[in-house]
Every structure is written in C-alpha cells, then in structure tokens.
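*Asks:* For reference, the chains in residue letters:
Protein chains: 2
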Amino acid sequence: MRRICSLFLFAASLANAEAVDWLVTARYVVSMDANRRVIEHGAVAVEGQRIVAVGTEADLAHRYQPKQRLSRPDALIAPGLINTHTHAAMSLFRGVADDRRLQDWLENYIFPAEAKNLSPDFVRWGTRLACLEMLLSGTTTFTDGYYFEDVVAEAAKEAGMRGVLGETVIGFPVADAKTPADALALTEKFLIRFHDDPLITPAVAPHAIYTNTDDTLRAARALANKYNAPLLMHVSETKKENDDVLAKRGVSPVKALDAIGFFNGRTLIAHGVWLDDTDIAILKKHGTGVAHCPSSNMKLSSGAAPVIKMLASGINVGLGPDGPAGSNNDFDMFEEIDLAAKLQKLVTMDPQSLPATVALEMATISGARALGLDKEIGSLEPGKRADFITVSLGTPNAVPLYDVYSQMVYALKGSNVNDVMIDGKAVVVNRRVLTLNAPQIIAKAREYGEQVRRSLAK
Amino acid sequence: MRRICSLFLFAASLANAEAVDWLVTARYVVSMDANRRVIEHGAVAVEGQRIVAVGTEADLAHRYQPKQRLSRPDALIAPGLINTHTHAAMSLFRGVADDRRLQDWLENYIFPAEAKNLSPDFVRWGTRLACLEMLLSGTTTFTDGYYFEDVVAEAAKEAGMRGVLGETVIGFPVADAKTPADALALTEKFLIRFHDDPLITPAVAPHAIYTNTDDTLRAARALANKYNAPLLMHVSETKKENDDVLAKRGVSPVKALDAIGFFNGRTLIAHGVWLDDTDIAILKKHGTGVAHCPSSNMKLSSGAAPVIKMLASGINVGLGPDGPAGSNNDFDMFEEIDLAAKLQKLVTMDPQSLPATVALEMATISGARALGLDKEIGSLEPGKRADFITVSLGTPNAVPLYDVYSQMVYALKGSNVNDVMIDGKAVVVNRRVLTLNAPQIIAKAREYGEQVRRSLAK
Chain A
131 MRRICSLFLF AASLANAEAV DWLVTARYVV SMDANRRVIE HGAVAVEGQR
181 IVAVGTEADL AHRYQPKQRL SRPDALIAPG LINTHTHAAM SLFRGVADDR
231 RLQDWLENYI FPAEAKNLSP DFVRWGTRLA CLEMLLSGTT TFTDGYYFED
281 VVAEAAKEAG MRGVLGETVI GFPVADAKTP ADALALTEKF LIRFHDDPLI
331 TPAVAPHAIY TNTDDTLRAA RALANKYNAP LLMHVSETKK ENDDVLAKRG
381 VSPVKALDAI GFFNGRTLIA HGVWLDDTDI AILKKHGTGV AHCPSSNMKL
431 SSGAAPVIKM LASGINVGLG PDGPAGSNND FDMFEEIDLA AKLQKLVTMD
481 PQSLPATVAL EMATISGARA LGLDKEIGSL EPGKRADFIT VSLGTPNAVP
531 LYDVYSQMVY ALKGSNVNDV MIDGKAVVVN RRVLTLNAPQ IIAKAREYGE
581 QVRRSLAK
Chain B
131 MRRICSLFLF AASLANAEAV DWLVTARYVV SMDANRRVIE HGAVAVEGQR
181 IVAVGTEADL AHRYQPKQRL SRPDALIAPG LINTHTHAAM SLFRGVADDR
231 RLQDWLENYI FPAEAKNLSP DFVRWGTRLA CLEMLLSGTT TFTDGYYFED
281 VVAEAAKEAG MRGVLGETVI GFPVADAKTP ADALALTEKF LIRFHDDPLI
331 TPAVAPHAIY TNTDDTLRAA RALANKYNAP LLMHVSETKK ENDDVLAKRG
381 VSPVKALDAI GFFNGRTLIA HGVWLDDTDI AILKKHGTGV AHCPSSNMKL
431 SSGAAPVIKM LASGINVGLG PDGPAGSNND FDMFEEIDLA AKLQKLVTMD
481 PQSLPATVAL EMATISGARA LGLDKEIGSL EPGKRADFIT VSLGTPNAVP
531 LYDVYSQMVY ALKGSNVNDV MIDGKAVVVN RRVLTLNAPQ IIAKAREYGE
581 QVRRSLAK
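As given, the protein sequences belong to chains A and B, one line each in that order. First residue of the first sequence: 131, per our numbering; consecutive thereafter. First residue of the second sequence: 131, per our numbering; consecutive thereafter.
Extracted from the complex, chain A is given alone in its bound form:
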C-alpha cells in the first residue's frame, strides 16, 4: 500500500516538477550557509550557472526534474574551496630552490629564473598545470598575482575555474612591464577586458610596500576603485618587512598604508603575519580581508599570523597555499585547512582554538567574504553560483565518520575529491578533469622544467 502511495505521489509530483539542468545527490550536503546546515541524504539542484535549491534528496527529487543527475551516495557535497592567495604559474618552478633564506631564494633563484624563462607560453602552461592540480584537490576559485595575467585568465577560463586575478605591479622591470606605470596600464586593459566575465574577477595587484612607491600604491588604489575591483597585496609577511618600514617611516606597514588611503576600497592582503592589535583594528574598520597562508608562513619561517585575533575582531580571513616554487610546494587546500587549525592550536596552546568548523569556513564562506564575492560563492544556497565539490567518504581514511566537519578538516585529503562543478558545469567527474589535457600538460611541465634547469646552470 505504501509503495502504491509513493508511486502515486511520485507520478503526481513529476506532473508539476520543475525542470533543472542538474540534480546532484550525496550522503551529506555541507552547506556552509548561515545556519551551517548539514543535510543527510541531501541534494543540490542546479539551473544554468546557479544553485536553485539545496535540501533533502527526497524533497528535491520530487520538486525537480533534472536533465542530468550525479548520484554520490558515499560522498559529501561541500562548497568549492576558495584559494585566496597563490601564484599559479610558479608551478613550473616547483621546489626549484627549497630550504633557503627568503632573500637568497628570491634574488639568486626565483628572480633570475623568472628573468630567463617567463613568457606568455610559460605562464599559460604553468597556469594549466596549477589548474589541473587545484581542480583535483577541490579548489574552484583561485586568487592569483603574477605576470601576463591576461594569459592566466585565459587558462583559468579554459580550465573552467573561477579566478580573482591581478597583474603584478612591482618597482623593477619585469617580463611584461618595464615600469609600474606600464603594469598599471596593462592592469587597466585587463580590468576592461574581463569586466563582467562570469568566471574572472579582474583585480589590481601591487606586489608589496617595499617594492612599490607610495605614488604607485595610490594609483593602484585609484585604479581599483575606478572599476570597483579588489586590490591585492602582500602585507606584513615577514618581520624584516615590518622592521624596515618601521625604521623608514616609524610605523607598521598597515599604518603606513592606511595613511595613504590604501585600504579605502575592496582590499585583500596576503599573509598579515606581523599584524599588531592596531593594525587589526585598521583592517577591520576598512573591511579588508586577509589571506592566511600557513604552509608558506611555516616553510619560509615568516611566522604564525594572529588568526584568532583577526577572527575575533570580525576580519574575514581566507586561506591560500601561496606559490609552489618554495613556499609550499603544492596547491592543496585540504592541507591548508588542516594546518590552519593545527597552527593556531600550537601558537595559542589551546586545542579549542580554530575548531574544524571555523577552518572550513576560512576555505569557503570567509574566503568568499574576504574577496567580496560572498553573494556569489562560498556556500551552497539558492541563487549562488553552482561551485561545489564531492568528496568521497568510502576510503580507509574517511571511516568511521563521527563529525562531518572534523572528517573534512583533519582526515579527508585533496585526493578524496571525486567531482568538481564550477558555474554549473561539471569540470571534474570521477577525478577526470574534463577541461584539460593532463598528459599534455604534464609533458609540457617537464619540458619547461628542463629549460629552467638549464637557464639556472648558466
């Protein structure tokens, strides 16, 4: 009798079921919405580029008639991970000079390697390699600062990834700009070209306070505000940066930047390792976001950022792996989530600090807020872009499962990511990246590796 009933209800429901492009179902949906809903036997309905509904499979299966179904009964669905700071094309310099002091690493390896090797083609293949790796570890949005950023944008779109991308503005001649003015001109072209792009948010990206003049930084702020674009910059990454600015100007980098109006608009600073309480108050006042990079800060001996204080003050803190050329050396956001939690537990000596839920927030909704994109991404809610991942719960490291947040943060790996949907498109299915030619990218990466090796041997 119940069977007949449910069949009747099913038939009835189909009659007025709404057509959608996708119905994706899983054992759990980790929404990261305002109520932090975790829906068991959940589903996400997608129409076009956006989520139309998030609920139980039972409910959505009746309300929607999908063109395509993705059924993952032994996985969870989570918002796509948001990388708030990296240098994607540096994938081709992965581990080229590890375990060295920052200045030695930069001046004797990275800057020469870049001077001798950078080209649009290098950046295109480096970004493709990075996208391949990011997609296979669950990243759907990445925030990048490098050179030939228009090529980075083309490669990101080709990969089907969302990017917040800024052409580096730096006070010495680089591959695609002789002067900061040239770089700002390139940036404006870039802002115009990718204005209103569904995947690319063009940004303005001065490198740092110690590699740019105040005039360049003011011009960068003005340019960002002219196009309501985010301004991205490395700030207070090392003690040396803070000490040098203090010696030169008598204040911290943040106070020096505040004095020239640098934070008056959309801003995301990377690192913020050496922020003091006044700096934090200034960033909070301006709604500036912070990209926390635990792997990079540890590997380069930069220090441990005051993340707990930043979060307590209400600053939106995201996570980033930084570049793979010596800071990390990969793009795996699962490791940054895990390490962000563990690093704060160590420095505060309190195992309750930065719990799993907060660590996952940093990689999703808080990262979206830090980028000013939280109306579009960062959680699974009707109206938002359909950017999400499925993560397998059927592997040895995933069982048993007592708490879905704990499992996601401390036990699951990038390699457990099974599928990736971005902007309503299935980009990865069963760990196959549909948008990129993996064997060709890996072969090209090796060719470039040989070229870089030869260039440094000279």
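Rather than coming from a laboratory, the hints here were simulated on the basis of the structure. One or more of the hints may lead you astray.
[Unchecked claim] Listing some non-contacts, in silico: residues in chain B with all C-beta distances to chain A over 12 Å:
id, residue
1, 148
2, 168
3, 193
4, 242
5, 357
[What the hints assert, rightly or not] Straight-line alpha carbon distances no greater than 27 Å define the calculated BS3-like cross-link-like pairs of lysine-lysine that follow:
id, chain 1, residue 1, chain 2, residue 2
6, B, 439, A, 369
7, B, 369, A, 439
8, A, 319, A, 505
9, A, 308, A, 319
10, A, 439, B, 370
11, A, 415, A, 370
12, A, 287, A, 356
13, A, 414, A, 505
14, A, 370, B, 439
15, B, 505, B, 414
Predicted model only: the values in this text are computed from it and were never measured. Don't be surprised by glycine CBs; every beta carbon is placed ideally from N, CA and C.
Given chain A's structure and the hints, the job is docking chain B onto it.
*Replies:* Frame of chain A, contents of chain B only:
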C-alpha cells in the same frame, strides 16, 4: 654495430646472470644509504626477504635474472616509511571528539569509549583499517602501543606489515588487564610468542610516568632487557606532565626516569616536546630514540619538540602520526615528513633548519635507528629487508622535478604511493592492497562507528 654488441653482451650476461625473485626498476632509486645515493634509472634486486643489490637498471638487468619484474619508469623507489609512534586500532575512534582539551578528550570521550567498546574483535578490525590506510600512504613499519596487542600483531602479519608492538601497561584496570602486573604478564607471553618473528618486534610499553609507579617502570625495563626488546613510552608530551613531575619529584620526567635506570637498554620515547638540554644529554648518553609527532603535538597544543637540538646532539629522531582518535586524524607519514620540516622552520625562524633530506631521514633511516632496527630496515642496501615503496612522479603535483628530496617531502602525497613491498613480498600493487579486503574492512569500521556512537550517547 652497437646494437649487436649490446645484444651479445646481454646474451653473454644471461649465461651467468644470478636468479632472483624480483627486479624492481624506476626512474630514481632514493637509497637513503650512508652516501645518500640517488640512482637515476635505478633498480633493486630482491631474493627472498632481502635486498641483494641496488644499482642502475642497466647494471642489475645484466647481473640478475628475476622471476618477477616490477617496472616503474615514471616513479621513484624509496625505503618504506617507518612510523615510530601510533595507536593503530584507535582508527575506529577517528575524530570522535576533536578540538577539546586533552583531559576532557581523554576522560570524557576516549577512556569511556574504550571501556565500553574494546574487545579483541574491535582491535582486530581497527588495526586492519589502520594497516589499509598506512599501506596506501607508504608506511611499511609501524610502532604501536595499545591493548590486545597479540591481536594487533596477528592483524599486522595478516596485512604483511612490519610492526614494533607493545601491550600498554597502565595503572588502572583496562579491557585486557586488571593491573599493571597482569599487563606485564601479558607482555611476557607476547615477547615469547613473537620472539624471532620475521615481521613483528615485540616491545614493552608502559603508558607514561604519570600513569605508572616507579616499581612498574623498573619491572618494565627489566622485562624489556630480559628479551632485549625495545621499551616504548610517552615522555614529556605536555607541559602539565613536566610541571607535575617537577612539583612531585623536583626534576624533569627524563631525570626522574634516569634515576630509576629506565633508559638502561633499548628505549624509544614518544613526543619529548618539553625536553631541556640536560634531558637531551641524558637521552643521547643512553642511545634513547625519540618519536617526533608534529601533527599530534600541534593539534593537541602540546608544543613544538626541540628537534633541531636533538638532531644536533646525535639523537635518532623518527616520526609518528600518533593515534587518529583526536591527535591527527590519520596515519599519513607524508604529512608528518612535510610538517616536521615546516614546524622546525617556524619555531627556529630559520628556513634552512630541518631541510628535506633530514626530514626524509627521520621517516626512514633515523626512524630505523631509533627503533634499533637499522641493520634490517630504513635504507635500500644489500642485505637489508626488502621494505620499499614506489611513488608516482607522473601526477600534476609531481612535476616538474628539480630535486627528488624536495619533491618527496614538500610536494608528493601519500596518495602518490603506487606499490609497497615488505619483507620481499608485494603487498600493494597499483594502489591495490593484496593482503586485505578493503570493502569488508570499511564496512566493519562503519559498524563499529555506529556502536561507539551509541555507547557514548548512553
């Protein structure tokens, strides 16, 4: 002409080529021998349980005629990773109570969960799950302290894994022993039963100085020495442990233990977070090994162990993931290697401290020395046990490759492990574990998860 020549040489060589069980070839062999040889286009020849030769593929292919070949032209061969501290069967408590203070976690979750759930069957399935996860992330030897340790040994042998295993001796009634005396009696049976086992090194494992009397610790030392077994114990894990011992005895745990002769024999202490210079000198004098557990020490806010000082003093330091019930929450040695390097770079503020080579040593040859097993395992050398892994170099995170140690430590993942050989047997081939029934183990782990959840709800 050269072709004919080489064919002739090949034919000639086969005539007096030595028969062996296995010839495993790869792009690189990372030997971790005294000269830290890295052999490009290398090979390892295996006869029975042992390595008979390590060299170039060209050389060994001429000298040996193998019954079986494993060809991995796009991978590296490295010694199997050695886990020097864990509690394998706690896999069934993975993440049962995270982000809590140690005492709350132990007294309100772990001890009650153990009291209500531990049984030989629980330990068997928990250890099987742990072995499955350890094998798939490249661990060939694990060092364990738990209950029903004879069952742990049976499960390890069934999985084909090498284990240094000790029945926990602790000052309150536990599942398999009412008193420390009962636990020591069980231990002696265990030492006799697994004496001369090819895979199992039975050990004596008092839990800690704060959970055992001096008499028990003296008896444990005497028992270990009677069978020349390693003595394993948690020492100076937390500041509280050090403060309590200091308050009670006026000295550090290491000094208190030295005073009762605890270190007079094979000893491996876990953690050693709060060791001072005198403690380090005492451990060095006795040749005591230390199991460093960076993930656990960070997650539980125990602190950062003085690893650089220990290494400088010549102490053999290995790595361990600790238990997955709240300390980690997995068994991935690749993450411990990466984190060991990054943690020391952070605490010393020197990016040159604990370079990649040293981090990999800790997970291989130094770990073997810490266990007193370096004549048998820890490097790829003729005469040693054939315990090694192949790690794929063909994945996006593995290219380009500039330095094989850097790649292994900072870029490669447990999920890149492709094959595992232990004691001359192929245990994992192409990520398939040949010795264990993965689907059955995962199903059982979930059943036990439900049982544990119900037991804690009561």
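*Asks:* Taking the hints in turn, state whether each one holds.
*Replies:* The hints, checked one at a time:
{"no.": "1", "hint": "148", "result": "holds (35 Å)"}
{"no.": "2", "hint": "168", "result": "holds (15 Å)"}
{"no.": "3", "hint": "193", "result": "holds (30 Å)"}
{"no.": "4", "hint": "242", "result": "holds (14 Å)"}
{"no.": "5", "hint": "357", "result": "holds (33 Å)"}
{"no.": "6", "hint": "439/B <-> 369/A", "result": "holds (24 Å)"}
{"no.": "7", "hint": "369/B <-> 439/A", "result": "holds (24 Å)"}
{"no.": "8", "hint": "319/A <-> 505/A", "result": "holds (26 Å)"}
{"no.": "9", "hint": "308/A <-> 319/A", "result": "holds (16 Å)"}
{"no.": "10", "hint": "439/A <-> 370/B", "result": "holds (25 Å)"}
{"no.": "11", "hint": "415/A <-> 370/A", "result": "holds (26 Å)"}
{"no.": "12", "hint": "287/A <-> 356/A", "result": "holds (24 Å)"}
{"no.": "13", "hint": "414/A <-> 505/A", "result": "holds (20 Å)"}
{"no.": "14", "hint": "370/A <-> 439/B", "result": "holds (25 Å)"}
{"no.": "15", "hint": "505/B <-> 414/B", "result": "holds (20 Å)"}
Of the numbered hints listed earlier, not one is contradicted by the structure.
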